[in-house]
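2 protein chains.
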Amino acid sequence: MGSSNILDNVGIVLVHTKTPGNIGAVARSMMNMGLSRLALVRPPRDRDNEAEKFAAGAGSLIRSAARFATLAEAVAGDQLVIGTSRRQGRLRQQVRSPRDLAGLVVPMLAGNRVAIVFGREVNGLERKDLALCHEIVTIPSDKAFPSLNLSHAVTVIAYELFVAVQATPPASRPALAGAEDLERFFRHLQGTLQDIGFFSEERPDRIMFSLRQLFGRARLEPRDVRILRGILTKVQHPSRPR
Amino acid sequence: MGSSNILDNVGIVLVHTKTPGNIGAVARSMMNMGLSRLALVRPPRDRDNEAEKFAAGAGSLIRSAARFATLAEAVAGDQLVIGTSRRQGRLRQQVRSPRDLAGLVVPMLAGNRVAIVFGREVNGLERKDLALCHEIVTIPSDKAFPSLNLSHAVTVIAYELFVAVQATPPASRPALAGAEDLERFFRHLQGTLQDIGFFSEERPDRIMFSLRQLFGRARLEPRDVRILRGILTKVQHPSRPR
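If you read the protein sequences in the order shown, they are chains A and B. For the first sequence, position 100 (counting from the first letter as 1) is numbered 147 according to this note's numbering, and the numbering increases by one without interruption. For the second sequence, position 141 (counting from the first letter as 1) is numbered 188 according to this note's numbering, and the numbering increases by one without interruption.
Here chain A stands alone, though its shape is the one from the complex:
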């Protein structure tokens, strides 16, 4: 209660989980750390109620979990979307640590909803799902045996958020632009770059991935999106008055 209420603005999103027991263990860990909002994208069938068994009393989180067909729908109402990834891909130079992430997220929670997205066991998030994330967090682990169990990964992130909330008085931060607004901006940006022939030599994907990460890190406010889209419109239609 009290200061930990702001953790209701954190959503844990599990994408294409394979094992129902892991969803249960995640629910338990979330409830231990004061998190309440669980979203499931393409969850597995669970004929034996295995998730409830592993939830050990946190079954209410599973029963109240929102279910979605795509990650884009699951995060449509969130201002900041954070993907978890253990691979340090070529385009993911700026990964955050869980502690760093908690320091970023907790002061924002007063006025924003934040989603933290976990991919399926073994493979993690696919590239198309990572592209929807504004920041990437990587849990440190031993290079010789780096792959964490899904509920262990959630435990580390949730623990860091819980500790940071306990340590930090709530602050007021400006509300950021929502994920839907951001997607419209990215489509507008890609369309404009196509109009001016920017993609002539290479496929848009790599450039757009970099631009998504770049503007994701910028934590755009609604006014920023208006300015940027105003610029794009002016580039597309130079003679039209603003």
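Be careful, since some hints might not be right.
Identical copies look the same in the list; a pair holds intra-copy or inter-copy alike.
[Claimed, not checked] Computed cross-link-like contacts, DMTMM-like style, restricted to lysine to aspartate or glutamate with a CA-CA straight-line distance of at most 25 Å: (1) K100 / E230; (2) K100 / E182; (3) K100 / D271; (4) K100 / D189; (5) K175 / E227; (6) K65 / D95; (7) K65 / E99; (8) K175 / E120; (9) K190 / D252; (10) K190 / E168; (11) K190 / E99; (12) K100 / E227; (13) K190 / D55; (14) K65 / E230; (15) K65 / E268; (16) K190 / E248; (17) K65 / E97; (18) K100 / E168; (19) K190 / D242; (20) K100 / D55.
Rather than coming from a laboratory, the hints here were simulated on the basis of the structure.
Based on the hints, put chain B in the right spot on chain A.
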């Protein structure tokens, strides 16, 4: 390897665990966080090899685990014995947090062996076992639902130790674009916006201030600046090949 070798001097001791699967999940988590030494006091029978299944590749830790009849025997060779407990009993006023514990333990590891002791699921360590511990650590959790899964509790402690060991050498981060580069980019941006008539109605200052803040938060790397300036050049000279 390298600096994480000193984690070989940390032992995880599980007392009277009920569920073999939890021992497997603990082994996996230990190996993720560079821990290698597992001791089992009165472990459960495991006819179905459930522990190996949950270990997901860390079965070697279970097979090489030392087995004991009492906690006193298990910690006989350790210099510091730390008990985990979630209850704040009358005799346990001075509990440490996991982070505090890591700060205490890591500097000692060069010349000492440290045991961290976890009791059985649900009830935790009994009083007689807690009495053998020199320090008590409590994992923070929500008062309304405080009881962590055993492997989740080990994950939090092992993660804090791993992070504390890693914190010794400086972390390598990608180099960000320098201030001079950024200024050149901002001048290029302002010039381009002037070229396309974006500032017709208002002075550039306010807009440029917002754009500077926005791109400042994005922590631009040199490659990001190249992409953005490539876009600006294309806007200024649409027909010039890139």
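Hints versus structure:
1. Taking the shortest alpha-carbon separations for K100 and E230, neither the intra-copy value of 38 Å nor the inter-copy value of 41 Å comes in at or below 25 Å.
2. Taking the shortest Cα distances, K100 and E182 never come within 25 Å of each other, neither inside one copy (33 Å) nor across copies (33 Å).
3. Within a single copy, K100 and D271 get their C-alpha atoms no closer than 45 Å, and across copies no closer than 48 Å, so neither meets the 25 Å cut-off.
4. In this homomeric assembly, K100 and D189 come within 25 Å of each other (Cα to Cα) only across copies, at 20 Å, whereas the closest approach inside a single copy is 30 Å.
5. Taking CA atoms no more than 25 Å apart as the test, K175 paired with E227 passes inside one copy only; the shortest distance there is 16 Å, against 34 Å between copies.
6. In this assembly of identical chains, K65 and D95 lie within 25 Å of each other by CA distance both inside one copy and across copies; the values are 14 Å within and 22 Å between.
7. In this assembly of identical chains, K65 and E99 lie within 25 Å of each other by CA distance both inside one copy and across copies; the values are 15 Å within and 19 Å between.
8. Within a single copy, K175 and E120 get their C-alpha atoms as close as 14 Å, which meets the 25 Å cut-off; across copies the closest is 53 Å, which misses it.
9. Taking the shortest alpha-carbon separations for K190 and D252, neither the intra-copy value of 29 Å nor the inter-copy value of 46 Å comes in at or below 25 Å.
10. When the C-alpha separation of K190 and E168 is checked against a cutoff of 25 Å, the pair qualifies only within one copy, where the shortest distance is 18 Å, while the shortest distance between copies is 30 Å.
11. In the homo-oligomer, the alpha carbons of K190 and E99 lie at most 25 Å apart only across protomers (21 Å), although the nearest pairing inside one protomer, at 33 Å, exceeds that limit.
12. When the C-alpha separation of K100 and E227 is checked against a cutoff of 25 Å, the pair qualifies neither within a copy, at 36 Å, nor between copies, at 41 Å.
13. With identical chains, the CA atoms of K190 and D55 are at most 25 Å apart between copies only, with a shortest distance of 16 Å across copies and 34 Å within one.
14. In the homo-oligomer, the alpha carbons of K65 and E230 never lie at most 25 Å apart, since the shortest distance is 28 Å inside one protomer and 49 Å across protomers.
15. For the identical chains of this complex, K65 and E268 are neighbours neither inside a copy (36 Å) nor across copies (37 Å), given an alpha-carbon limit of 25 Å.
16. For a Cα distance limit of 25 Å, the shortest separation of K190 from E248 qualifies neither inside one copy, at 37 Å, nor across copies, at 56 Å.
17. With identical chains, the CA atoms of K65 and E97 are at most 25 Å apart both within one copy (12 Å) and between copies (19 Å).
18. For a Cα distance limit of 25 Å, the shortest separation of K100 from E168 qualifies both inside one copy, at 19 Å, and across copies, at 15 Å.
19. In this assembly of identical chains, the alpha carbons of K190 and D242 never lie at most 25 Å apart, being 44 Å within a copy and 51 Å across copies at closest.
20. Taking identical chains as interchangeable, the C-alpha atoms of K100 and D55 lie at most 25 Å apart only when both belong to the same chain, with a minimum of 24 Å there against 34 Å between chains.
Comparing the model with each earlier hint shows violations of hints 1, 2, 3, 9, 12, 14, 15, 16 and 19; every other hint is respected.
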